[in-house]
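Knowing the structure of chain A, use the given hints to seat chain B on it.
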Amino acid sequence: MGNHWFRQPSILPGFGLTLGFTVFFLSGIVLLPLAALVLKTASLSGSEFLAILTDPRAMASYRLSFGAAMVAAVINAVFGFIVAWSLVRYDFPGRRLVDALIDLPFALPTAVSGIALATVFSPNGWLGLKLAAAGVQVAYTRLGVVVALILIGLPFVVRSVQPALVEAQRDLEEAAESLGAGPFTIFRRIILPAVFPALLTGFTLALARGIGEYGSVVFISGNLPLKTEITPLLIVIKLEQFDYQGAAALGFIMLVMSFVMLFAINLVQAWGRRRHTQAGR
Amino acid sequence: MAGAAPRVEARRNASVGTRAGRAMLIFISIAFLALLLLAPLGAVLAQALAKGVAAYLESFRDPDTLAAIRLTLLTAAIVVPVNTIFGICAAWAIANFEFRGKSLLITLIDLPFAVSPVIAGLVLVMLFGAHGWFGQWLQARDIAIIFTVTGIVLATIFVTFPYVARELIPLMQQQGSEEEEAAITLGASAWVTFLRVTLPKIRWGLLYGMILCNARAMGEFGAVSVVSGHIRGMTTTMPLQVEILYNEYNFVAAFAVASLLALLAIVTLVIKTLVEWRADRRTG
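Taken in sequence, the protein lines are chains A and B.
Note that the working numbering has the first sequence beginning at 1, numbered continuously upward.
Note that the working numbering has the second sequence beginning at 1, numbered continuously upward.
The following block holds chain A by itself, in its conformation from the complex (with noise of 0.2 angstroms):
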């Protein structure tokens, strides 16, 4: 105690009990992992570490799983939008059921909306049926990942865009269209410049699940290698293969993503919030 250039002093209790077993646990069970997968790229040299990872199977992967990831973000901005928008602006039958449900993907396990989605889309599923007419296969295809990672991704838009849209101020949408602006002008020039920075934010966490999404992919994408074979998919082939040196490396690509990702998520909130208190109210 007294420690004042490390704490503020209080009266409450049990500073050094809780936050000497937070920092315990969190280093025990999240970070000295993390480390030992970092030292063990490390063991590797620079041209064996470069070799696989510009591995020609690697690349495609990392393009599936990226460039899925993207599209999927894409659309899941579109719709989740039009969705976050009927829930909080209008009131319609069932709304209450349609917003506890938006929260599906996150509760229910990725191995079952992987086999769910594979059923439904397979070409002589419910969907896929009548998409094989069309001449459009989903199952199998890289579009079956987009799939899977649209389902998972929906959340994170709408949970983002829900309560800016709450906050954003009726009486501009309002003023503006008794100026004679049209619903587009509206949208353009109020609403989305209000509500940019959460849909950003919903579109990067999107992205970040995105990329590493595993359970929900692997059962609809048919693991084609070179074709439709995410990253994740590629470290858990290496370590069945017990290429450990192959598994770690692309570890760590994927690890340094995902502080990449992590990073841009906190700059984008970071901008969100000073965006917020600029607008001065």
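It is worth saying that the hints were derived from the structure and are not from the lab.
Where a beta carbon is used, it is the ideal one built from N, C-alpha and C, also for glycine.
Hints may be right or wrong, so weigh each one.
Just so you have them, the derived chain B footprint on chain A, three or more residues with Cβ under 8 angstroms [what the hints assert, rightly or not]: (1) 9 to 21; (2) 24 to 35; (3) 98 to 109; (4) 115 to 126; (5) 198 to 212; (6) 235 to 246.
Computed spacing ranges between beta-carbons, pair by pair [what the hints assert, rightly or not]: (7) B:Glu181 / A:Pro93: 46 to 52 angstroms; (8) B:Arg196 / A:Asp243: 54 to 60 angstroms; (9) B:Val270 / A:Pro9: 42 to 48 angstroms; (10) B:Arg203 / A:Val78: 35 to 41 angstroms.
From the derived model, a few chain B residues whose C-beta atoms are all more than 10 angstroms from chain A [as the list claims (entries may be wrong)]: (11) Ser59; (12) Ile69; (13) Leu74; (14) Pro81; (15) Gln173; (16) Gln174; (17) Gln175; (18) Pro200.
Just chain B, lined up with the frame of chain A:
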């Protein structure tokens, strides 16, 4: 995880745009969600019951499936209390005290959310696996972690690590610590203060965090898949059993187990909605 649903009922439907535009947006929303959420949920049920109720129930007589259900319950029974104790400690330290490095600590607690589940499993293999940092040391002492229940529990703790802390930290920060300070000043012990003052204030948030943690703990697939070794009847949890049965084209059994997990998800959503509804009434 995103925050609670917004709580404004006023002035709905008074929005800009025409009546037709409104109907169209609502239709798009519901159609999108029905395709994306309800169709898969319906498929689980339809496939599970495809050969009748008897075949569905028969799936639960498989000893390996029963072992998977037991292992999932055991894992959750260990992981949820552990992460709850951690979450309460972290929230107490972070919400009640000002100290250096606090925002770094919060970021690090969130880290498992940002990491791919496969990486969560992979790092444990790098630490405890035969070629891992402690591999030799563990082998010499005949301790196995990877491909055992211990590994499954550790991987699950990793992926569900932030859930309780994430709910409690903002809640306790928002509530402030004046009441705790008053209790301590009046001579209550730390433990009594926590039980009588803090716990009643945070109980709904705590319950919320715990059910989310439980849902993820029971449903985790990627991380557990990497460390489990898929030994039937020994180290397969329910989601892994679903995968095994599905890959064997035993669809009724796979979807029967999946239907239990889907039920878990729905129960989780119902409790979550009730908790939010309660919180609404208290604040609103």
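Outcome of the hint check:
no.: 1; hint: 9 to 21; verdict: holds (count 10)
no.: 2; hint: 24 to 35; verdict: holds (count 8)
no.: 3; hint: 98 to 109; verdict: holds (count 12)
no.: 4; hint: 115 to 126; verdict: holds (count 7)
no.: 5; hint: 198 to 212; verdict: holds (count 5)
no.: 6; hint: 235 to 246; verdict: holds (count 4)
no.: 7; hint: B:Glu181 / A:Pro93: 46 to 52 angstroms; verdict: 48 angstroms, holds
no.: 8; hint: B:Arg196 / A:Asp243: 54 to 60 angstroms; verdict: 56 angstroms, holds
no.: 9; hint: B:Val270 / A:Pro9: 42 to 48 angstroms; verdict: 45 angstroms, holds
no.: 10; hint: B:Arg203 / A:Val78: 35 to 41 angstroms; verdict: 39 angstroms, holds
no.: 11; hint: Ser59; verdict: 14 angstroms, holds
no.: 12; hint: Ile69; verdict: 13 angstroms, holds
no.: 13; hint: Leu74; verdict: 17 angstroms, holds
no.: 14; hint: Pro81; verdict: 13 angstroms, holds
no.: 15; hint: Gln173; verdict: 14 angstroms, holds
no.: 16; hint: Gln174; verdict: 15 angstroms, holds
no.: 17; hint: Gln175; verdict: 13 angstroms, holds
no.: 18; hint: Pro200; verdict: 17 angstroms, holds
The earlier numbered hints are all upheld by this structure, with none contradicted.
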